[in-house]
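K.L.:
Each residue of the sequence shown is one higher than the last, beginning at 1 in my numbering.
Mixed in with the good hints, there may be bad ones.
[Unchecked claim] FRET-style restraints, in silico, Cβ to Cβ: (1) Y37 to K57: 26 to 34 Å; (2) S87 to N112: 16 to 24 Å; (3) A108 to F11: 26 to 34 Å; (4) Y111 to Q18: 38 to 46 Å; (5) G33 to V88: 21 to 29 Å; (6) D80 to D13: 34 to 42 Å; (7) N12 to G114: 33 to 41 Å; (8) S87 to K44: 25 to 33 Å; (9) A30 to R54: 19 to 27 Å; (10) E90 to E46: 16 to 24 Å; (11) A14 to E77: 32 to 40 Å.
For the record, the hints were derived by calculation from the structure and aren't laboratory data.
Built from N, CA and C at the ideal position, the CB exists for glycine as well.
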Amino acid sequence: MDKLFLLKPGFNDAAVDQEGRKYYCPSCAAIEGVLYYYPQLREKLEVIYIDFPRPRKGIIELLGEERQGCPVLVIDESRDAAIAADSVKEANGRKFINTATDIMNHLATNYNVGYPHP
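Based on the provided sequences and hints, a complete structural model is requested.
P.N.:
What follows is the structure in structure tokens.
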């Protein structure tokens, strides 16, 4: 099963704000919208919500410390998924996609949901 890592909303980021504002990741929110449009994806993906502060253990265990950004879709190595060569990256022997639009295109190609309009 593909693993989709998204940041939990409502986090603080002291690096950009000292007033305690709450933030969300816009790219993660866009993918959350796709999950809302196509709820069947939640049955086919392992959606993992992680905290904003690093280190992000779940991602590190799969992709290594250098690859902690979100959103990220780690492709199940047992699946023969159709993957656009220019969107897939590899770390620790695992294939992954780490941009929202590329993740959305992968979901459309492999899970029979709509594509993002160009």
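K.L.:
Run every hint past the structure and note whether it holds.
P.N.:
Results for each hint:
1. Y37 to K57: 26 to 34 Å: holds, 30 Å
2. S87 to N112: 16 to 24 Å: holds, 18 Å
3. A108 to F11: 26 to 34 Å: Holds: the Cβ-Cβ distance is about 28 Å, inside 26 to 34 Å.
4. Y111 to Q18: 38 to 46 Å: holds, 42 Å
5. G33 to V88: 21 to 29 Å: holds, 23 Å
6. D80 to D13: 34 to 42 Å: About 39 Å separates the Cβ atoms of D80 and D13, which means 34 to 42 Å holds.
7. N12 to G114: 33 to 41 Å: Because 34 Å falls inside the window, the suggested range holds.
8. S87 to K44: 25 to 33 Å: violated, 19 Å
9. A30 to R54: 19 to 27 Å: holds, 22 Å
10. E90 to E46: 16 to 24 Å: holds, 19 Å
11. A14 to E77: 32 to 40 Å: Holds, at about 37 Å.
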